[in-house]
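A.B. asks: The lines below spell out each chain.
2 protein chains.
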Amino acid sequence: MKTINLGLIGLGTIGTGVVKVLRDNSALIEKRLGVSLVIKRIADLDIKRDRGVPADKSILTTDAKKIINDDEIDIVIELIGGYEPALSFIMQSISNKKHIVTANKALLAKHGQEVFEAIKKHKVNIGFEASVGGGIPIIRCIKDNFAANRFESIYGVVNGTGNYILSKMTDEGKNFQDVLKEAQEKGYAEADPTFDIEGIDSAHKIAILGSLAFGCRIPIDKVFTEGITHITPTDIHFASEFGFRIKLLAIVKKGDDTIDIRVHPTMISKDNPISNINGVLNAVKVRGNAVGEAMLIGEGAGALPTASAVLSDVMEIVGCITYGNRYSSFDISNHAKLKLQPIDKIISKYYLRFSVVDKPGILSKLSGILGANSISIASVIQKGRSDSAGVPLVFMTHKAMEKDIQKAVKEINELQVVKGNSILIRVENEG
Amino acid sequence: MKTINLGLIGLGTIGTGVVKVLRDNSALIEKRLGVSLVIKRIADLDIKRDRGVPADKSILTTDAKKIINDDEIDIVIELIGGYEPALSFIMQSISNKKHIVTANKALLAKHGQEVFEAIKKHKVNIGFEASVGGGIPIIRCIKDNFAANRFESIYGVVNGTGNYILSKMTDEGKNFQDVLKEAQEKGYAEADPTFDIEGIDSAHKIAILGSLAFGCRIPIDKVFTEGITHITPTDIHFASEFGFRIKLLAIVKKGDDTIDIRVHPTMISKDNPISNINGVLNAVKVRGNAVGEAMLIGEGAGALPTASAVLSDVMEIVGCITYGNRYSSFDISNHAKLKLQPIDKIISKYYLRFSVVDKPGILSKLSGILGANSISIASVIQKGRSDSAGVPLVFMTHKAMEKDIQKAVKEINELQVVKGNSILIRVENEG
Numbered sequence: 250m251k252t253i254n255l256g257l258i259g260l261g262t263i264g265t266g267v268v269k270v271l272r273d274n275s276a277l278i279e280k281r282l283g284v285s286l287v288i289k290r291i292a293d294l295d296i297k298r299d300r301g302v303p304a305d306k307s308i309l310t311t312d313a314k315k316i317i318n319d320d321e322i323d324i325v326i327e328l329i330g331g332y333e334p335a336l337s338f339i340m341q342s343i344s345n346k347k348h349i350v351t352a353n354k355a356l357l358a359k360h361g362q363e364v365f366e367a368i369k370k371h372k373v374n375i376g377f378e379a380s381v382g383g384g385i386p387i388i389r390c391i392k393d394n395f396a397a398n399r400f401e402s403i404y405g406v407v408n409g410t411g412n413y414i415l416s417k418m419t420d421e422g423k424n425f426q427d428v429l430k431e432a433q434e435k436g437y438a439e440a441d442p443t444f445d446i447e448g449i450d451s452a453h454k455i456a457i458l459g460s461l462a463f464g465c466r467i468p469i470d471k472v473f474t475e476g477i478t479h480i481t482p483t484d485i486h487f488a489s490e491f492g493f494r495i496k497l498l499a500i501v502k503k504g505d506d507t508i509d510i511r512v513h514p515t516m517i518s519k520d521n522p523i524s525n526i527n528g529v530l531n532a533v534k535v536r537g538n539a540v541g542e543a544m545l546i547g548e549g550a551g552a553l554p555t556a557s558a559v560l561s562d563v564m565e566i567v568g569c570i571t572y573g574n575r576y577s578s579f580d581i582s583n584h585a586k587l588k589l590q591p592i593d594k595i596i597s598k599y600y601l602r603f604s605v606v607d608k609p610g611i612l613s614k615l616s617g618i619l620g621a622n623s624i625s626i627a628s629v630i631q632k633g634r635s636d637s638a639g640v641p642l643v644f645m646t647h648k649a650m651e652k653d654i655q656k657a658v659k660e661i662n663e664l665q666v667v668k669g670n671s672i673l674i675r676v677e678n679e680g
Numbered sequence: 250m251k252t253i254n255l256g257l258i259g260l261g262t263i264g265t266g267v268v269k270v271l272r273d274n275s276a277l278i279e280k281r282l283g284v285s286l287v288i289k290r291i292a293d294l295d296i297k298r299d300r301g302v303p304a305d306k307s308i309l310t311t312d313a314k315k316i317i318n319d320d321e322i323d324i325v326i327e328l329i330g331g332y333e334p335a336l337s338f339i340m341q342s343i344s345n346k347k348h349i350v351t352a353n354k355a356l357l358a359k360h361g362q363e364v365f366e367a368i369k370k371h372k373v374n375i376g377f378e379a380s381v382g383g384g385i386p387i388i389r390c391i392k393d394n395f396a397a398n399r400f401e402s403i404y405g406v407v408n409g410t411g412n413y414i415l416s417k418m419t420d421e422g423k424n425f426q427d428v429l430k431e432a433q434e435k436g437y438a439e440a441d442p443t444f445d446i447e448g449i450d451s452a453h454k455i456a457i458l459g460s461l462a463f464g465c466r467i468p469i470d471k472v473f474t475e476g477i478t479h480i481t482p483t484d485i486h487f488a489s490e491f492g493f494r495i496k497l498l499a500i501v502k503k504g505d506d507t508i509d510i511r512v513h514p515t516m517i518s519k520d521n522p523i524s525n526i527n528g529v530l531n532a533v534k535v536r537g538n539a540v541g542e543a544m545l546i547g548e549g550a551g552a553l554p555t556a557s558a559v560l561s562d563v564m565e566i567v568g569c570i571t572y573g574n575r576y577s578s579f580d581i582s583n584h585a586k587l588k589l590q591p592i593d594k595i596i597s598k599y600y601l602r603f604s605v606v607d608k609p610g611i612l613s614k615l616s617g618i619l620g621a622n623s624i625s626i627a628s629v630i631q632k633g634r635s636d637s638a639g640v641p642l643v644f645m646t647h648k649a650m651e652k653d654i655q656k657a658v659k660e661i662n663e664l665q666v667v668k669g670n671s672i673l674i675r676v677e678n679e680g
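From first to last, the protein sequence lines stand for chains A and B. This note's numbering puts the first residue of the first sequence at 250, with every later residue one more than the last. This note's numbering puts the first residue of the second sequence at 250, with every later residue one more than the last.
All clues given are correct.
In this list, chains with the same sequence are indistinguishable; a pair is considered to hold if it fits within one copy or across any two.
With a Cα cut of at most 27 angstroms, we get these calculated DSSO-like pairs of lysine-lysine: (1) 519 <-> 417; (2) 435 <-> 297; (3) 369 <-> 280; (4) 372 <-> 251; (5) 594 <-> 471; (6) 280 <-> 588; (7) 280 <-> 359; (8) 632 <-> 598; (9) 280 <-> 370; (10) 269 <-> 502; (11) 280 <-> 502; (12) 659 <-> 632; (13) 372 <-> 392.
I should point out that these hints are in silico values taken from the structure, not numbers from a laboratory.
Given these sequences and hints, build the entire structure.
C.D. replies: If you want it as structure tokens, here you go:
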């Protein structure tokens with residue numbers, strides 16, 4: 250049986266998962282593939298630590314060059330994450346005619362163009378199924394399974410940490426900081442959770458999906474990104490009263506010649522299955538002009554689900570090596586002329602919560618300002634009595650333009666009767 | 250640009266959908282593929298009827314041989330369904346070195362082996378994504394996306410008609426016959442609905458998924474199949490009291506050296522997302538040893554979603570024709586030695602409803618028989634008073650073996666105090 254050698258750079262959580270799945274399922278994978286897969290070398294800065302998988306010490310190295318420059322290695326699996334040295338490792342491997350499998354969404358979102366051009370130039374393959382949605386095969390759904398569709402929109406809960414925190418806040422009524430601390434203690438959130446809680450990780454992922462689905466370049470710094478740090482149990486409670494849950498949603502929609510792409514906490518109707526995706530699950534909903542709506546749900550992170558995605562890429566590339574290259578139905582360098590829609594042009598329903606002095610006439614004043622800015626109100630909740638701090642006044646609007654909403658909120662915030670921070674959460678009803 | 254010619258046999262609902270999607274998305278598909286797809290000929294027995302899509306009259310024929318024997322046609326799309334003449338058309342096309350795309354689950358479930366052997370012999374490709382789950386890419390998930398997994402189980406609601414009927418019965422409290430009639434009037438059920446309501450269509454589909462996932466032959470006549478015709482609003486009501494909904498579930502699970510494969514109405518906990526798959530939606534849940542649990546939801550039938558699946562197969566085969574064959578990771582002729590588990594050996598929880606004479610001592614008598622057959626009772630509902638007909642006595646059991654349940658039910662049915670038909674519905678809690 251033919252052997253194909255793999256080089257693994259990065260023996261962290263996912264890398265260890267890849268070693269484990271390849272060991273446990275080797276007979277099955279060989280049978281399905283007709284090829285034997287061998288991890289010839291593993292590079293990691295720390296090769297002393299026990300990872301809980303038996304790895305032959307002789308294949309461990311601290312020097313990634315021993316993989317990148319090894320002529321016998323056909324496929325390089327990059328699992329160290331981040332921009333550098335991952336980018337250099339990948340670019341050098343491509344120059345050395347090695348196929349690439351990576352889970353590195355940050356790198357693809359920022360340096361994708363460079364990487365894909367090199368891939369094309371050196372006629373190698375790249376697999377990046379593991380970069381979005383863990384075990385969920387969303388990359389391949391867009392590239393292959395739904396390839397006959399004109400895509401209309403992709404929505405998703407694609408960050409397990411953020412979703413875990415919001416789910417916990419919803420279920421247990423706890424505040425953001427306490428749940429974050431708990432998540433960090435349990436290992437569900439990193440010591441520096443910025444990328445997860447500020448929506449940056451979700452932005453990387455939706456940029457990858459959007460550029461694939463719509464065949465356009467999406468500059469990652471232009472993606473509107475709002476995190477979950479300002480979400481309070483109060484808003485989760487009011488959301489529930491209106492029949493909604495709050496999720497950190499990544500959204501990309503196509504307009505006639507624009508792409509509306511954004512990440513923000515979003516109120517989603519309890520009827521919508523995405524509102525029930527809790528904990529570390531991920532879900533992505535794709536709308537295409539043939540398939541209609543299809544949804545994929547699964548574990549969005551973790552060693553084994555992500556290893557499943559990494560190895561499906563490896564197996565596909567092995568097929569290409571063995572039986573000839575297959576078509577790449579989505580040439581990402583073949584860009585469509587699409588502009589990103591600025592956030593102030595989006596149309597959405599909005600949840601607005603103001604903290605106001607508890608006296609007569611306030612509702613009339615605030616709703617007057619909303620009305621003057623062409624914002625029509627769907628419902629209002631005005632509750633509680635308080636002597637000192639403000640009381641909440643909550644509006645759910647009909648569809649309005651972000652620009653009008655921002656202007657109205659600014660005017661309202663300047664009123665003397667309005668105290669503290671006002672809260673704005675966008676609402677998605679579709680799908 | 251290179252052109253690849255398609256021949257379409259069958260211009261019914263799905264065939265018309267394929268023509269429509271190929272017309273609407275042609276520029277997009279050409280761009281993604283780098284190849285122009287042309288439907289060179291369409292065969293149907295009725296070429297007079299207006300299908301609502303503009304098809305050049307000159308390409309219509311009533312003679313499928315004009316496709317099968319046309320040397321310029323590379324891919325034959327078979328969408329007439331049923332066993333014959335579909336099987337002959339497919340086998341002759343394969344002999345003529347044509348690639349096949351089909352949505353024909355009945356044919357694949359019954360004659361799959363013959364077809365796959367011919368495919369292998371003549372070195373052509375076959376795509377059958379549309380045979381299960383409409384637009385849901387479950388075939389390719391098993392073959393490619395989850396290819397690194399040892400599969401453990403596949404569960405699904407894979408028959409839209411049956412699911413529509415059960416959903417309507419659940420939402421509106423109507424009985425089976427009335428909802429079936431309504432579904433037929435609306436075109437959701439066929440004039441002869443046998444395959445849908447007796448679970449046969451679901452059995453075909455789960456047999457295809459099971460043989461792919463577990464690499465074994467599954468004789469379709471050995472698949473335990475029970476339809477939904479005996480489900481009553483009473484049982485839907487009691488199911489709800491226990492926290493369950495009733496779905497027509499297709500199940501395949503792997504034991505150590507057995508395959509447990511079956512189709513039957515199943516009570517599923519309301520917490521399980523599959524219990525919320527209503528109307529014409531399909532859902533399939535896959536459990537693998539790496540990916541964990543992943544679920545796919547989408548439109549399980551209909552012209553456009555099914556056309557999406559058909560065309561994704563066409564596009565994949567075009568890639569093989571253009572850039573060289575790719576590996577087929579699942580060689581279905583390479584059979585594993587697995588026995589089908591007989592239904593009397595399955596272990597499940599059970600819902601049992603008996604119609605009993607309303608007098609003291611009955612509960613004790615029936616629960617005595619259950620106990621004597623090693624069946625332990627999880628809960629009981631005993632309700633209502635009636636002078637004439639029986640009153641319902643409902644048991645929910647803990648896990649028990651089917652054989653013991655059948656024996657106990659038979660003994661109970663023979664009691665004089667038990668009237669009319671007893672009802673048995675299996676319960677799945679997992680996943």
